[in-house]
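Residue numbers (the numbering used here), protein chains in the order written: chain X, 1438 to 1673; chain E, 304 to 412.
No lab work stands behind these hints: they were computed from the structure.
Keep in mind that a hint or two might mislead.
Unchecked claim - The calculated label-pair distances, taken between Cβ atoms and stated as ranges, are:
1. E:Ala356 / X:Gln1651: 55 to 65 angstroms
2. E:Glu325 / X:Asn1510: 55 to 65 angstroms
3. E:Val345 / X:Lys1518: 19 to 29 angstroms
4. X:Val1668 / E:Ala400: 49 to 59 angstroms
5. X:Gln1600 / E:Gly306: 54 to 64 angstroms
Stated by the list, open to error - Footprint (simulated), chain X over chain E, 3 or more residues, beta carbon under 8 angstroms:
6. 321 to 334
7. 389 to 402
Note that the coordinates shown come from a computational prediction; the quantities given were computed from them, not determined experimentally.
Positions of the beta carbon are idealized from the N, C-alpha and C atoms, including for glycine.
The lines below spell out each chain.
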Amino acid sequence: MKRFVDLHLCPPSQDAKTTERMANLAAEMGFRLVGLTFDTQASRVTKLTTTKLFEDQGLETVSRIDLRPRDRNELLMSLRKVRSSFDIVAVECHAKQVAPIAFRDRRVDLVFFPPGRPKLRVSELTPRRTRRPVEFNMADLLKNDSAVESNLHRVLGVIRDIQRKHLSMVVSSGATDWLLMRAPKDMAAVLSVLGLDTTQALDAVSRIPFSLAQENLEKQRPRFISDGIEVVRPRL
Amino acid sequence: MKGQSRRYLVLRITSEVAPSREKLLNEIENSLRRLFGEYGVVKASLRLIAYDAEKMIGIVRCAHLWVERFRAALALTTRIGEDRAVLFILKSAGTVAALKRTLSRSTTT
């Protein structure tokens, strides 16, 4: 059975009712793990309360931060600050010079492109060998009713670039309220209708984001040193 | 000649206001029309078999080759009439009986 993941939920920290509704809907839609996006100012109590609402519905959670750096230096500085405090670090590439660094830096987990910048082409910005997945947010398609056509056109371009560059893709809702949430198989269906292979589309909501979250949780264990290396204590 | 193969889908609607049967049917057809045109509406041969406005759950019949496209069309739907709504498929099966069996099993567990 597939373990479905939505790595990009942005529950409003001040609105417990909306957060609770999002948690209920995520469970009903069949997600197993969700990524909860917080900003750097979010207090520990807010994080714990939000996480608890989702965990009460039987969902696993990971914390996430979205970085929106204006240039290379800002990206590197933010990464130094936040990497250890969040499970998933995603970078929104507003500027051309940010994308190649974001794709190369090992501290970055996901890269995504804002919907309002159609000139940023994935194929031009990604280095030749990268394993960093590109994230596509369904909310980018849904937020602006009048621009669905142009947004679909843009997603078609992204999918074409991803296939050409052999990159992996993650699809998330990017929902800021419950009305922007979508079921995992429905999100995969959108990608598949737009030209992605059905297996790849399903992987984009299950295998790829799940293994990404698991790898990052593994890194936070006290025994972890590096990939494949961990502290082994003799049994007392 | 053997007839067209069909799938039965449990459609869940989440909205502040429960839509009427007509509004719902209209919207799901429009969602298909927006993405695939009239050809899509005809080929998908949609039919709203049952709808419980109180629970906001319906059963939709769809041509089995069009299930994926129907899901995509639903995912891109943001409104039913004037009200914002989320539509998604809870379960799918080859017969209504199988669908009801799976639904009753999941409600009892």
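Chain X over the segment 389 to 402 of chain E, status - at least 3 residues with CB closer than 8 angstroms = Since 4 is at least three, the answer is holds.
Beta-carbon spacing of X:Gln1600 to E:Gly306 - inside the hinted bounds 54 to 64 angstroms or not = Given range 54 to 64 angstroms: violated, Cβ gap about 37 angstroms.
Could you tell me whether the CB distance from E:Ala356 to X:Gln1651 stays inside 55 to 65 angstroms?
-> violated (41 angstroms)
Kindly confirm whether 19 to 29 angstroms is satisfied by the beta carbon distance between E:Val345 and X:Lys1518.
-> This hint is violated: roughly 56 angstroms between Cβ atoms.
Holds or violated: the segment 321 to 334 of chain E covered by chain X, criterion of 3 or more residues with Cβ-Cβ distance under 8 angstroms?
-> It is violated, with 0 qualifying residues against the three required.
Return holds or violated for the Cβ distance of X:Val1668 and E:Ala400 against the range 49 to 59 angstroms.
-> holds (56 angstroms)
Given the hint of 55 to 65 angstroms, check if E:Glu325 and X:Asn1510 actually sit that far apart at their C-beta atoms.
-> Given about 58 angstroms between the Cβ atoms, the range holds.
Violated hints, in rising order: 1, 3, 5, 6; the structure is consistent with all others.
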